[in-house]
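S.K.: Same order as they appear, the protein sequences are chains W and G.
Per our numbering, residue 976 is the first one in the first sequence, and the count goes up by one each step.
Per our numbering, residue 976 is the first one in the second sequence, and the count goes up by one each step.
Hints listed in this document are in silico derivations from the structure and should not be mistaken for laboratory results.
Be a bit skeptical, because a hint or two may be false.
In silico lysine-lysine, DSSO-like type, Cα no more than 30 Å apart, as pairs [to be verified]: (1) G:K1375 x W:K1223; (2) G:K1223 x W:K1375; (3) G:K1022 x G:K1130; (4) G:K1203 x W:K1375; (5) G:K1336 x W:K1341; (6) G:K1306 x G:K1022; (7) G:K1306 x W:K1203; (8) W:K1203 x G:K1222; (9) W:K1336 x G:K1203; (10) W:K1108 x W:K1223; (11) W:K1336 x W:K1387; (12) G:K1336 x W:K1430; (13) W:K1203 x G:K1341; (14) W:K1203 x G:K1165; (15) G:K1430 x W:K1203; (16) W:K1222 x G:K1222; (17) W:K1203 x G:K1022.
Residues per chain, in single letters:
Protein chains: 2
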Amino acid sequence: MFSLRVFCSFVFLSLHAVSGMYDPDEVLDLPGMSFKPSYRQWSGYLKASSGKFLHYWFVTSQRDPVKDPVVLWLNGGPGCSSLDGFLSENGPFHVRDNGATLYENEFSWNKIANVLYIESPAGVGYSYSDDQKYQTNDNEVADNNYLALQSFFAKFPNFTHNEFFIFGESYGGIYAPTLSLRVATGGQLKVNFKGFAVGNGISSFALNDQSLIYFGNYHGLFGEQLWKDLNDNCCENGVCNFYNNSKKSCADVVLHAFNIIYNSGLNVYALYLDCAGGVQSQRAMTHLFRNFRKHWETNQIVDSTPSVQGVPPCINSTAQLNWLNRGDVRKALHIPDVLPAWDICSDVVGNQYHTIYETMKDIYVKLLAVGLRALVYNGDTDMACNFLGDQWFVEQLGQKASTQYQPWIYDKQIAGFYQQFGNITFLTVKGAGHMVPQWAPGPSLQMLQRFLSNKPY
Amino acid sequence: MFSLRVFCSFVFLSLHAVSGMYDPDEVLDLPGMSFKPSYRQWSGYLKASSGKFLHYWFVTSQRDPVKDPVVLWLNGGPGCSSLDGFLSENGPFHVRDNGATLYENEFSWNKIANVLYIESPAGVGYSYSDDQKYQTNDNEVADNNYLALQSFFAKFPNFTHNEFFIFGESYGGIYAPTLSLRVATGGQLKVNFKGFAVGNGISSFALNDQSLIYFGNYHGLFGEQLWKDLNDNCCENGVCNFYNNSKKSCADVVLHAFNIIYNSGLNVYALYLDCAGGVQSQRAMTHLFRNFRKHWETNQIVDSTPSVQGVPPCINSTAQLNWLNRGDVRKALHIPDVLPAWDICSDVVGNQYHTIYETMKDIYVKLLAVGLRALVYNGDTDMACNFLGDQWFVEQLGQKASTQYQPWIYDKQIAGFYQQFGNITFLTVKGAGHMVPQWAPGPSLQMLQRFLSNKPY
Chain W
976 MFSLRVFCSF VFLSLHAVSG MYDPDEVLDL PGMSFKPSYR QWSGYLKASS GKFLHYWFVT
1036 SQRDPVKDPV VLWLNGGPGC SSLDGFLSEN GPFHVRDNGA TLYENEFSWN KIANVLYIES
1096 PAGVGYSYSD DQKYQTNDNE VADNNYLALQ SFFAKFPNFT HNEFFIFGES YGGIYAPTLS
1156 LRVATGGQLK VNFKGFAVGN GISSFALNDQ SLIYFGNYHG LFGEQLWKDL NDNCCENGVC
1216 NFYNNSKKSC ADVVLHAFNI IYNSGLNVYA LYLDCAGGVQ SQRAMTHLFR NFRKHWETNQ
1276 IVDSTPSVQG VPPCINSTAQ LNWLNRGDVR KALHIPDVLP AWDICSDVVG NQYHTIYETM
1336 KDIYVKLLAV GLRALVYNGD TDMACNFLGD QWFVEQLGQK ASTQYQPWIY DKQIAGFYQQ
1396 FGNITFLTVK GAGHMVPQWA PGPSLQMLQR FLSNKPY
Chain G
976 MFSLRVFCSF VFLSLHAVSG MYDPDEVLDL PGMSFKPSYR QWSGYLKASS GKFLHYWFVT
1036 SQRDPVKDPV VLWLNGGPGC SSLDGFLSEN GPFHVRDNGA TLYENEFSWN KIANVLYIES
1096 PAGVGYSYSD DQKYQTNDNE VADNNYLALQ SFFAKFPNFT HNEFFIFGES YGGIYAPTLS
1156 LRVATGGQLK VNFKGFAVGN GISSFALNDQ SLIYFGNYHG LFGEQLWKDL NDNCCENGVC
1216 NFYNNSKKSC ADVVLHAFNI IYNSGLNVYA LYLDCAGGVQ SQRAMTHLFR NFRKHWETNQ
1276 IVDSTPSVQG VPPCINSTAQ LNWLNRGDVR KALHIPDVLP AWDICSDVVG NQYHTIYETM
1336 KDIYVKLLAV GLRALVYNGD TDMACNFLGD QWFVEQLGQK ASTQYQPWIY DKQIAGFYQQ
1396 FGNITFLTVK GAGHMVPQWA PGPSLQMLQR FLSNKPY
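With the sequences and hints as input, model every part of the structure.
M.R.: This is the structure:
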């Protein structure tokens, strides 16, 4: 009895020790939640540039919110919502298939960190712009995310002393380092910034596309003739260029290869998982697959299945969609009534998005030079951003290897491989696809814990 | 009522229509079986060469035993039992984890075929030799399997008219074609032989080892330095030889690579599945992994964990082992009391086994020349016999491609890829490991059905 009372007092103190929280945004209860959370949470808006408001959801750590780090989580697309990260990947609770009730996620990242989810840029999810103009680009997104962060820490000033980390997934491979550079050098925002991480990120378009051809062939997707055609048409003296080869014969055969990967019915985000809805439901998610889209738009060879609004191919997000669009859920999350329905990805944002950076190399070099810690991790069965492209990217940063490439262990099993290069680590998560925290939750929480505490994986 | 009576009569007639069955071997009931099978089964012994007796288990088809084909199933090793195929892969029932009770396998191959399982060679499982000498080789095994087949069809003469197919898995990649050649050209045995199939088989030691290096690298197991070392030490003018390179520097680095695959704790039979018992329980199964063993025996670099009798690494066969070794089960299967306990694999057989053939190429060419149908299929996440080695093997047989390399569909999902070369097909089963019918039961039954009926996959 005594120990229980001590424990309860401790939880109470922990939950309320952080003063200066922004009360109007606090989420006190949620439809479909039958359990009592051991953390506090807020949902509301962060002001970015003029008229732009980014929706955030912030959950404190279940361990020690005062001392635990703050982790920012950004999903990619461009145009996809970080609430997918919350409700399907690493958030403290997920939505049951019925779309109505919630269940706790044993491997939530807020077990050990205060986690901030921002829907970015404006136009994504419940984020919006007063003028409803949603054309944007890499630098503008970084600027707006930086402004939103300032707005966040103004609402929650006590967290400026916690260690701070930025995570991006997929196209977040561009959001995270570009934002990190502003945080590291911007001057305005005073936080205890320690590092950034990128999960199945796009780090270099050239390396991503180049490696994907090897990935496809050595995972059995191509066969002898296509592999021969790729080599005959795209390689000279043993050097192959599958990315921006000026020969039409090469571009045609690369398009054929990409068509198998993106358009045949495979789950591009997790090769060995089923495609939700079956092979017929497949469509190219053209926002991200840039080289493929480039060919596609000029050549029009690909069967142009009508685009399903905002749904990435082979992914079933019906449960989240149904739950987030309930009136009572919107109210609990402080979403204005005038905003349209939430969607997992926005074609309006995606289709008008302008990519500025071909590679993140220079930005990584700058970030490492100021002493930041970095982690590039990849579920190794993803084809949207395959592990090999990111492995090559890290290897080519010019950092000296400080460990061998070696296995890491979770629960007595090889969870993947990693290699340390000074302050940056490349790490694979074996058998996981694009959404690592969703498909390898246990290993992914261990990875987070090791990265945040700067320990070997 | 009427239709039910007709149906029951039909089942009764089907089950008993096949006269001339060998009564003493019939299995009438089995410990742990709570359901009534819709097929007949026999277990007993087939006489091979002098003093050698091979244990068989034969189950009739659940569809139409009179008309359905007879399929022979052989597991590999060498030294492993085909009852693993029965009880874990494609048999009509499997053993529950409790090791005591049985449950029906929805995707049993006897849904559409009469299936014969033979434990081969003598010394494996419940097969034995009177002199207890278990040294043998590829040709002797083929001879004995051929004699055993004669013994089988003498016991079950009515099945000589059914179409007949031979399947081998793993080292069965040598058993199946060598036996097929004897059946096709032997003259003694008169059966309606139509073709053979090999699942994750060893078809060429050179191609298996050569391809494994590429498989390992492009599945993220090696890292940059090892890949560079492999290329620097084993390749000249863009041509690599990882198999029998005479340079010690190459052999050393290949050994290092094989060590990661076989000895680091990965599940060599299914890269993305856990290793039963965790990384510590790992050991090299040296019977099959010949090149690795060759290095291992001469260099002694590998940590020589004591061999666990008969258990392949990362595989848990406790349930089968417990069930098959019960006295009442042995009695029901007509196993003589004097025989020792059943084990999934025999080190006595495996360690003394002499491999004669480096490649099955000549034998395949002969078998295709006499008009037989062939299927080489591979679960594409296996590293013991990786898909790429078998793909290259089929491509290099000199048969003209008659289809493109293309996906095949099971239940609205891409189940893998295949390509037809006249009478021989190469086919992958996506996401499955070494034991395809165990890890992709639905696709595997469809594959069987298409192969037996000579239809496109």
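S.K.: Hints the structure violates: just list their numbers, smallest first.
M.R.: Checked against the structure, the hints that fail are numbers 5, 7, 10, 11, 12, 14, 16, 17, while the rest are satisfied.
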